[in-house]
Amino acid sequence: MTYRRPRSDTVLLIFTAALVVYLVLTPLGMLIWNSFKATPPGVPGPLTLDNFINAYLDPTLYPLVANSFLYATGSTVFAFFIAFTMAWLVERTNAPLRDLAYVIAIVSTIIPGMIASIAWLMLLHPRIGLVNRALINIFGFSEPPFNIYTMTGMIFIGGLRHVPIMFLLLAGALRSMDPSLEESAATCGSGISATLRRITLPLMLPASAAAMIYSFINAVEAFEVPALIGIPARIYVFSTKIYLVMHQSPPDYGLSAALGMTVLMIAVVGTVFYQRVLTRGERYVTVTGKGYRPRAIDLGKGRYLGTVFLFTFLFLDVILPMLVLVWASLLPYYQVPSMRAFRSLSLASYVNALKYPGVLQSAQNSLLLSVVGGCITMFLAAIISWIVVRSKVPGRRLLDFLAFTPIAVPGIVMGLALMFVYLNLPIPIYGTIWILLIAFVTKYMPWATRNTNAGLLQIHKELEEASEVSGASWWQTFRRVLVPLLVATFASGFLYIFSHIMREISTAILLYSPKSNLLSIIIWELWQAGTIAEVGAVSVMLVLLLGVVTFIGRKYVGRLSVS
Amino acid sequence: MSGGKLSPKFLTASVLVSITYLVRPGAPPVVAASLVSSLQVAAVAPSQESERQREARLVEGAKKEGKLIFWTGGTAKDWQYVFSKFRQKYMFLTTDYWRATDADLYQKITTEARAGQYNVDVSGADVEYLQQLKNAGLMKKYNWPNTAGWSPQYKDREGYWIAHHVLCLVPAYNTNLVSAAEAPKSWDDLLDPKWNKAISMDKDGGDWVLMLWSAWGKEKTVNYLKQLARNNLVFGEGAGARTQMLAAGAVKIDVRLNLHQILEYQKKNAPLDWVRTDPILSRPGPLFIAQHAPHPNAAALFGDWFSSLEGQQAYYEASGKLVPDPKVKSHLSEALKGLKISVLPAELTVRGNEAGAIWRDIFWK
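Chains as they are written, first to last, in our numbering: chain G, 850 to 1412; chain S, 75 to 439.
Just so you know, the hints here were simulated from the structure itself, not pulled from any lab data.
There's no promise every hint is true.
Below 25 Å or equal to it, Euclidean Cα-Cα: the simulated BS3-like pairs (lysine-lysine) are [claimed, not checked]:
id, chain 1, residue 1, chain 2, residue 2
1, S, 342, G, 1364
2, G, 1204, S, 208
3, S, 151, G, 1364
4, S, 141, G, 1204
5, S, 159, G, 1204
6, S, 159, G, 1364
7, S, 137, G, 1364
8, S, 439, G, 1204
9, G, 1204, S, 163
10, S, 138, G, 1364
11, G, 886, S, 271
12, S, 271, S, 439
13, G, 1204, S, 137
If you anchor each label on the Cβ, the simulated ranges turn out as follows [stated by the list, open to error]:
id, chain 1, residue 1, chain 2, residue 2, range
14, S, 271, G, 922, 50 to 56 Å
15, S, 268, G, 905, 47 to 53 Å
16, G, 888, S, 232, 25 to 31 Å
17, S, 232, G, 1275, 34 to 40 Å
18, G, 1397, S, 384, 31 to 37 Å
19, G, 907, S, 268, 31 to 37 Å
20, G, 867, S, 232, 39 to 45 Å
21, G, 897, S, 232, 49 to 55 Å
22, S, 384, G, 896, 49 to 55 Å
23, S, 168, G, 952, 52 to 58 Å
24, G, 905, S, 222, 51 to 57 Å
Here are some chain G residues the structure puts well away from chain S; computed CB gaps all over 10 Å [to be verified]:
id, residue
25, 892
26, 914
27, 971
28, 1268
29, 1272
30, 1278
31, 1325
32, 1363
Heads up, the beta-carbon is just placed ideally off N, CA and C, and yes, glycines get one too.
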């Protein structure tokens, strides 16, 4: 199909594609260039393969590879099981209070990974974990039943951290999927389980594959859980090794880039798989020009089990960690519950946190960047996805791949790359909030494009063709046909990016300036200073604030959505 | 300036030639402005003017600059208090503050410098990075006029840096989990196999290796660390966070915590006590004026004030850390009375990379 686009549309498409390529190539180029150099960025030096030789001849690399794969696979599979069940319950069944899942997912993403890991440490630590102590007291175990400092512990927490993103992807896809086939199966006497297995799951293959591939690569790059749980347990993965070599004296830029390249290669393989799913995606199109309205499957009495499942996840992923954070925030120093601890409870840390230098300015900056960054990233991603999924433009797969590659660039490397580029280019944004905006748009482009790709894939071309035949321009079609159909996708993507920018640290740490400080940096600073009570206080306030924003956002988006 | 060896005539001539070169058409404006300003500060040897004249000159220059940019690894809360005191005296200056870990601080300073940009006036640095910063020409040689009464261990012989605090690192234990009788009393007690997996430590230990090295020599240090490694240390990050975990009972012992934080926790009745090792390890927390400080007069003014009794007292009140000025009465000095203290000598910091490699070889593999 060929569109006769007006010239301004072509310009918009070319400009957007060029902008994304520019944004992405900055950190990527830095990563590749540094992996072949023995000298730090900006210092001339001969090209060399030594970094790769050092990385691959190091016997500690192989356990690293095994650990990374085990962690990424385990947490992805665990997360998929929970996320798919949640998405199905919400979008296809009549489980009471099912809409709560969206709030759970967003609130869960709001809790920074570092904070969640700390909370789980306090819950499942073999010595001071509250869950362990409670079980020992109740059942008289001689040994603590759980030990967080294991690969299983890492997979459990890492998996929980990946549920929201997977849920948002899968729920978006399920919502956009015409349920007529499932309803036909039910009419023909197929049970819920058989329909799910034979119809829903196969139809959801592209979205599921996309979600799992994304989650897997994200897990390979994930830092917070491997750092807080893995390093004390001496279970190293790529991200922690990269962090360690970047923070040693002197930092080994070359080795970290060579390891980063390895992560990139994993991302390449993932993307190739993803592309193969994508090219076969036409078989899975279910949103057509025909009207549809999903009908909820009646689970009978089992619907309460669905609600129990959602509440169990809510309890594990949000309530339990938040309770520990609230507990920690009320204490002068962290203690397990006791009469002495109860006597020392106070709200002093909340007062201290609000009086902390720059905390309000930082909150403003974080909010501004989260809103603007979320909007820009989703807008760019939608256009990129249109080029990738709809157009026949040569190089579109390369564009899709490029938009995906920032996932492989460690946060600190991206920070360094942007710092270096904007220190040398005559674009005066270094030290301003705008360099952070560029960093965040680049960093979350992979997530945003996976989201919009999956959403667009399920909308049949005939809707756009109808618009085109009626005389609409490409821009009009995009704005008035696609955007309304993609509102749910946009909303979930925006909220995800919004909450991730609110908590991002690793890229921002080198780019923020006194005037562009962020709330996440303040939390990190408080953690570094060992003031867990203040960390808890700021986190609790942040989660409450974002919970309210999300709730209002969902209500508003709910009205906008095409039902 | 370290002052004195160059004649005023030579200095003046050099300044004129340099200025002519630096302000030529095409010179980078930031560099030119900062260097010109820097040379104006340097052109007057301290010995030629009284303390009052010197301050008046710096004040005059700083008023034109209007700002001081300060980077460090300390907490904003501590430095906000210090700057509030500083600004009580020099209200015309605004202060911009940026914080990061020492590794990130080093990366920011060096990456900016490679691009020819210089945005910091005064900065902290970890001892491990001092030599690299000095070699890169990023530290200014300065005559810290108020440090005459300080121990030579707390300032660089050539004037490149001074200590803004002296960090005393001690092993500490949770008194609920370890009785006073079984608590370790010496460095060797920490090697007892009964502490297997019961001792925590920071994942980064290069500076700690250097401190042991300065107390015992390299060979004994390496042997000791190899034996300690058999107890399978539990790694964490940040002394503050590890102190919390120790107080909560997550581990029995931590091998290197900050004494001032332990004392602070004891005030809150936390079940913590510390080991009076022989020696107590300590290291200076360096502070330096940037060679290409964009506000050189403000930087010098702050350097002078901070190293004065008033500045030292303010930093002690804010942080509770031991400060190098012996005139500041500190509760840490009381706690350390009668104990042998080993201070990491600045000369050994050139071995920072080697010490880091020793740490990684023994504990990360």
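Structure-based check of each hint:
Restraint check: the Cα-Cα separation between residue 342 of chain S and residue 1364 of chain G comes to about 35 Å, which exceeds 25 Å; the hinted pair is violated. Pair hint residue 1204 of chain G plus residue 208 of chain S does not hold up; C-alpha atoms about 37 Å apart against a cutoff of 25 Å. A threshold of 25 Å between alpha carbons decides the hint, and for residue 151 of chain S with residue 1364 of chain G the separation of about 16 Å falls inside it, so the pair holds. Proposed proximity of residue 141 of chain S and residue 1204 of chain G is supported: the alpha carbons are some 24 Å apart, at most 25 Å.
Between the alpha carbons of residue 159 of chain S and residue 1204 of chain G the distance comes to roughly 18 Å, so the proposed pair stays at or under 25 Å and holds. This hinted pair checks out: residue 159 of chain S and residue 1364 of chain G have alpha carbons roughly 21 Å apart, not beyond 25 Å. Of the pairs offered as hints, the one joining residue 137 of chain S and residue 1364 of chain G holds, with about 21 Å between alpha carbons and a cut-off of 25 Å not exceeded. Distance check on the hinted pair: residue 439 of chain S and residue 1204 of chain G sit about 43 Å apart at the alpha-carbon level, beyond 25 Å; violated.
As the CA atoms of residue 1204 of chain G and residue 163 of chain S are separated by approximately 23 Å, the hinted pair is consistent with the 25 Å bound. Between residue 138 of chain S and residue 1364 of chain G the CA atoms are separated by roughly 21 Å; this keeps the pair inside 25 Å, and the hint holds. Distance restraint check for residue 886 of chain G and residue 271 of chain S: the Cα-Cα separation of roughly 39 Å exceeds the 25 Å cut-off, and the hinted pair is therefore not satisfied. A distance of roughly 16 Å separates the Cα atoms of residue 271 of chain S and residue 439 of chain S; the hinted pair therefore holds under the 25 Å criterion.
Distance check on the hinted pair: residue 1204 of chain G and residue 137 of chain S sit about 29 Å apart at the alpha-carbon level, beyond 25 Å; violated. For residue 271 of chain S and residue 922 of chain G, the Cβ-Cβ distance of about 28 Å falls outside the hinted range of 50 to 56 Å, so the restraint is violated. Between residue 268 of chain S and residue 905 of chain G the CB atoms are about 40 Å apart, so this pair departs from the stated range of 47 to 53 Å. Against the hinted window of 25 to 31 Å, the Cβ-Cβ separation of residue 888 of chain G and residue 232 of chain S comes to about 27 Å, which satisfies the hint.
For residue 232 of chain S paired with residue 1275 of chain G, a C-beta distance near 37 Å keeps the hint of 34 to 40 Å intact. The supplied range of 31 to 37 Å is broken by residue 1397 of chain G and residue 384 of chain S, whose beta-carbon atoms lie about 46 Å from each other. Take residue 907 of chain G and residue 268 of chain S: their Cβ atoms lie about 34 Å apart, and the range 31 to 37 Å holds. The supplied range of 39 to 45 Å is broken by residue 867 of chain G and residue 232 of chain S, whose beta-carbon atoms lie about 51 Å from each other.
Our hint of 49 to 55 Å for residue 897 of chain G and residue 232 of chain S is violated, since their Cβ atoms are close to 35 Å apart. In this structure the hint that residue 384 of chain S and residue 896 of chain G lie 49 to 55 Å apart at CB holds, the actual value being about 54 Å. For the pair residue 168 of chain S and residue 952 of chain G, the beta carbons lie near 43 Å from each other, so the given range of 52 to 58 Å is not met. Evaluation of the 51 to 57 Å hint for residue 905 of chain G and residue 222 of chain S yields a pass: the beta carbon distance comes to about 55 Å.
Consistency note on residue 892 of chain G: stated as away from chain S, yet its beta-carbon is not over 10 Å from all of that chain's, at 6 Å minimum. No Cβ of chain S approaches the Cβ of residue 914 of chain G within 10 Å, the least distance being about 16 Å, so the stated non-interface status holds. Residue-level check failed: residue 971 of chain G sits 8 Å from the nearest beta carbon of chain S, not beyond 10 Å. At the 10 Å boundary, the C-beta of residue 1268 of chain G falls inside the reach of chain S, the nearest C-beta of that chain being 6 Å off.
With a minimum CB-CB distance of about 4 Å to chain S, residue 1272 of chain G fails to clear the 10 Å threshold, and the non-interface call is violated. Here residue 1278 of chain G stays apart from chain S, with its beta-carbon at least about 13 Å from theirs, past the 10 Å limit. The claim that residue 1325 of chain G is not at the interface with chain S holds, since no C-beta of that chain comes within 10 Å of its own (minimum 45 Å). At the 10 Å boundary, the C-beta of residue 1363 of chain G falls inside the reach of chain S, the nearest C-beta of that chain being 4 Å off.
Figure legend: structure checked against the earlier numbered hints; hints not met, in rising order: 1, 2, 8, 11, 13, 14, 15, 18, 20, 21, 23, 25, 27, 28, 29, 32.
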